[in-house]
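Chemist: Listed below, chain by chain, are the residues.
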Amino acid sequence: MGSAKFLCMLRVALKEWGRRNWKYIGSWIAMGLILLGLLIRKLGADILFLIVPFLPYLLISLARLVKEVKG
Amino acid sequence: MILAHVTVPVIIYGFFPQLDLLALLIGANLSSFDALPTLIRRKPPEKPIEETHAATVLHTLFFFLVLFVPVYFLFGFRIALSVSVGGFTHVLIDALDEKGRMLLYPLSRKFYGPRLFTYDFWTYVTDKKIFLLEFTLFLISCAFLIL
Chain A
1 MGSAKFLCML RVALKEWGRR NWKYIGSWIA MGLILLGLLI RKLGADILFL IVPFLPYLLI
61 SLARLVKEVK G
Chain B
72 MILAHVTVPV IIYGFFPQLD LLALLIGANL SSFDALPTLI RRKPPEKPIE ETHAATVLHT
132 LFFFLVLFVP VYFLFGFRIA LSVSVGGFTH VLIDALDEKG RMLLYPLSRK FYGPRLFTYD
192 FWTYVTDKKI FLLEFTLFLI SCAFLIL
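First to last, the sequence lines map onto chains A and B. When you line the first sequence up against the working numbering, it's residues 1 to 71, in that order. When you line the second sequence up against the working numbering, it's residues 72 to 218, in that order.
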């Protein structure tokens, strides 16, 4: 783990970072999707109470990612 | 932590099925609403640790103590307890990172915690030890959800 000072200087080139860490990214996404699937199985439609309020956050994050990758 | 805000409440539910899983999960993710200023900001702050995220009342134990009262009157003891326990897990798990959290708010605005994990998102998701920890929690929660 880097020091706070190092972290402050860290600016991420998203495309290159993604290429370098695709195994981690894939694993995180897979774990998230499996967990979501199991929760949908357990809670049914009730899961929407948890997901829907965060959809705007997800959309904003994705828009920022796309902008950063393009820019 | 990232997935732990879902896996830890699921594990707690596995041990205490008297609680309500959905209420636990809602409580455990309420705090994340203060991430909005971070998402819509134009440029990152000089120090990532100074982000608005995790520095509001939503990331305090006090908030979930207070929230217990209206939720109790609206939905009853079981739901109120589940929401508050879920909220506590979020704040306490987050307090493990190098930023810490305002655990004694409103008595103190100081950030407390053991400073075990990095706060920086990009470093966090590629840290082997953190990944192993989250993966272990993921496996345990999957076992509880499947069985």
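Bear in mind the hints are in silico, worked out from the structure with no lab data behind them. Any given hint could be a false lead.
[Said to hold, decoys possible] Below, simulated DSS-like cross-link-like pairs (lysine-lysine); rule was C-alpha separation at most 25 Å, straight line:
(1) Lys200/B - Lys114/B
(2) Lys199/B - Lys67/A
(3) Lys67/A - Lys118/B
(4) Lys15/A - Lys181/B
(5) Lys181/B - Lys23/A
(6) Lys15/A - Lys70/A
(7) Lys70/A - Lys23/A
(8) Lys199/B - Lys23/A
(9) Lys114/B - Lys23/A
(10) Lys199/B - Lys15/A
(11) Lys118/B - Lys200/B
(12) Lys70/A - Lys42/A
(13) Lys114/B - Lys70/A
(14) Lys15/A - Lys67/A
(15) Lys200/B - Lys15/A
(16) Lys199/B - Lys118/B
[To be verified] If we take Cβ atoms under 10 Å as the criterion, some of the chain B residues that face chain A in the derived model are:
(17) Ile73
(18) Leu90
(19) Ala106
(20) Leu110
(21) Val140
(22) Phe202
(23) Leu204
(24) Glu205
(25) Cys213
(26) Leu216
Positions of the beta carbon are idealized from the N, C-alpha and C atoms, including for glycine.
Chemist: Name the hints, by number, that the structure is in violation of.
Modeler: Going through the list in order, the structure violates hints 1, 2, 4, 5, 9, 12, 18, 21, 23 and respects the others.
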